[in-house]
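Peer 1: Throw the hints in and build the complete structure from the sequences for me.
Order-wise, the sequence lines are chains A and B.
Count the first sequence with the UniProt record's numbering and you get residues 1 to 298, in order.
Count the second sequence with the UniProt record's numbering and you get residues 1 to 298, in order.
None of these hints come from the bench; they were simulated from the model.
Computed from a predicted model, the values in this text were never measured in an experiment.
Hints should not be assumed to be uniformly reliable.
Keeping only pairs whose Cα atoms sit at most 25 angstroms apart, straight-line, the calculated PhoX-like set for lysine-lysine is [claimed, not checked]:
1) B:Lys-18 with A:Lys-4
2) A:Lys-270 with A:Lys-291
3) A:Lys-272 with A:Lys-282
4) A:Lys-85 with A:Lys-126
5) B:Lys-135 with B:Lys-4
6) A:Lys-88 with A:Lys-193
7) A:Lys-4 with A:Lys-120
8) A:Lys-18 with A:Lys-116
9) A:Lys-287 with A:Lys-88
10) B:Lys-135 with B:Lys-149
11) B:Lys-4 with A:Lys-116
12) A:Lys-4 with B:Lys-4
13) A:Lys-116 with A:Lys-178
14) B:Lys-4 with A:Lys-18
15) B:Lys-18 with A:Lys-18
2 protein chains.
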Amino acid sequence: MSYKLDYISRLLQRTSSKRIEHYVISRIWHLLDNYDLKMTPQQYVSRELSQYALTDVYFPQIGLHVEVNEPAHYESEDRINRDLKRQKQIEVNTGHQVFVIDCREDILGIHSQIDKLLSKINSEVKEQIENGIFKPWRPENEHNPNYWKNNGYINISDEVSFFTIEDICLLFDADYQKTKRGFLRKGAIANPKNINQLIWWPSEHPRSGWLNNFDEAVGTITETHSDEKRKSDHYYHHAQGTHIRICFFHYTDILGLTNYKYVGVFTNDKEKSNPEIGTVWKRIGDKLNLKTTEISEI
Amino acid sequence: MSYKLDYISRLLQRTSSKRIEHYVISRIWHLLDNYDLKMTPQQYVSRELSQYALTDVYFPQIGLHVEVNEPAHYESEDRINRDLKRQKQIEVNTGHQVFVIDCREDILGIHSQIDKLLSKINSEVKEQIENGIFKPWRPENEHNPNYWKNNGYINISDEVSFFTIEDICLLFDADYQKTKRGFLRKGAIANPKNINQLIWWPSEHPRSGWLNNFDEAVGTITETHSDEKRKSDHYYHHAQGTHIRICFFHYTDILGLTNYKYVGVFTNDKEKSNPEIGTVWKRIGDKLNLKTTEISEI
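Peer 2: So, in structure tokens, the structure goes:
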């Protein structure tokens, strides 16, 4: 079975508990009928930790989120306002668009909204192709460090994701052996091409007391520790100066595989960090030049 | 939410445990994109009781079954032969066609098979429309006894299905009050227009010891009783003469509603029945004229 069939059928299966959402998502996929377009759930953000729920589907190549709102979303003014606020926040913080499908309508109404979405997606893809900037979905490249090394830079929209820390090191010509220390593995290593940049692989799962909360809508990672003393020590250590981290967020993907996904370049947010919350890292760049180590700001 | 959206989204949800089958079925539905075509699981046959597993999807208007064979279906010669035998049996007994989708292929291969299926369905529908015999899917009519009364006849391919025994009686102008006897309800009533025909509503669920095994592929219903004496008494009672039963099979549909579905006209099969197995009823007609009580043979 091909990777794409495996991937997309698992993605559809994931949503099957929400009957109408599932119907809408499967319809979008089948009617788009474009093997070069990646459709992704925003799974590498932990729902439990994030202040905001995730969008239902995301098209990374065109920066478009789709929200499938089952009738329950419209049950109260409060819920409606929360949804709108969240949508606005995603758009402002990520520069992405959010397309909402209102499932209070009947089958014809829902199909008609999907048709509008498909037209939008298709015309944006067409425009990218005409401008020579469309990047077809190539799962075999996404996970290949040599491919990105040759490419010369990595960008959030490229969906760069590695299976191992060794592959991250390979991308930067960093010494993989130095990531090991006894039984524990270090959570980061300096970029050999720029010692002011730390290559970092935080996890959504707690590790030796460390906990990382990645809020993708806002573009922040909050680093805390279950031990108050260690949390505040860590905060004071990063309260001064400018720290830069190239971040590969660790999560388990839809196929059940461990992934370290490139989610951008971050710096310490001195305003938001404090000894109680911990150290807050805010995203300052989407794109990283692997040779010059230059960061392109959002 | 409209009935059709409710119906089809539940049908898709039902198959979601089998990932690839589910992918294929949702693709068929979305790419057909024809609200007038009913797609149905063969749910009113109990999987536990039937000797043969069911087809995955059935299109009653064109008499076409679709089998989605996940790779496991091809794991042994024995399994392959069983599948073929069963397919043949369905085709011979029902006069329907069976279209098999082989999921050992990759995503392009599976999509290409689905494309062939869609062409086939679309051309058969087009032909029916041109010949003026196409009957669009109208769930509101399926369940309405007055609609069928006006129609003058019922046919298996029409998907006639009632929510209550009262509605069955209404169709035949039978006296609903006579179906009651104390706390129990009778399982049948004579057709007022032809006392040689019994209107029968057997259930897939055991009732006071009675158990009915409906094998749709073969077109038989086996009537047994948990009590050996009652089973053999029942057999001897039907071993002589010709008994005719107009059958509405009782089951719970995809929306969780009780249904009595018209599954044809049956007669006692003297060869297959015996005191051990019980009374076997074989289908002898698909279509029943409600005024003349004439049965059209298969």
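Peer 1: Checked against the structure, which of the hints given earlier come out wrong?
Peer 2: 2, 4, 6, 12 and 13
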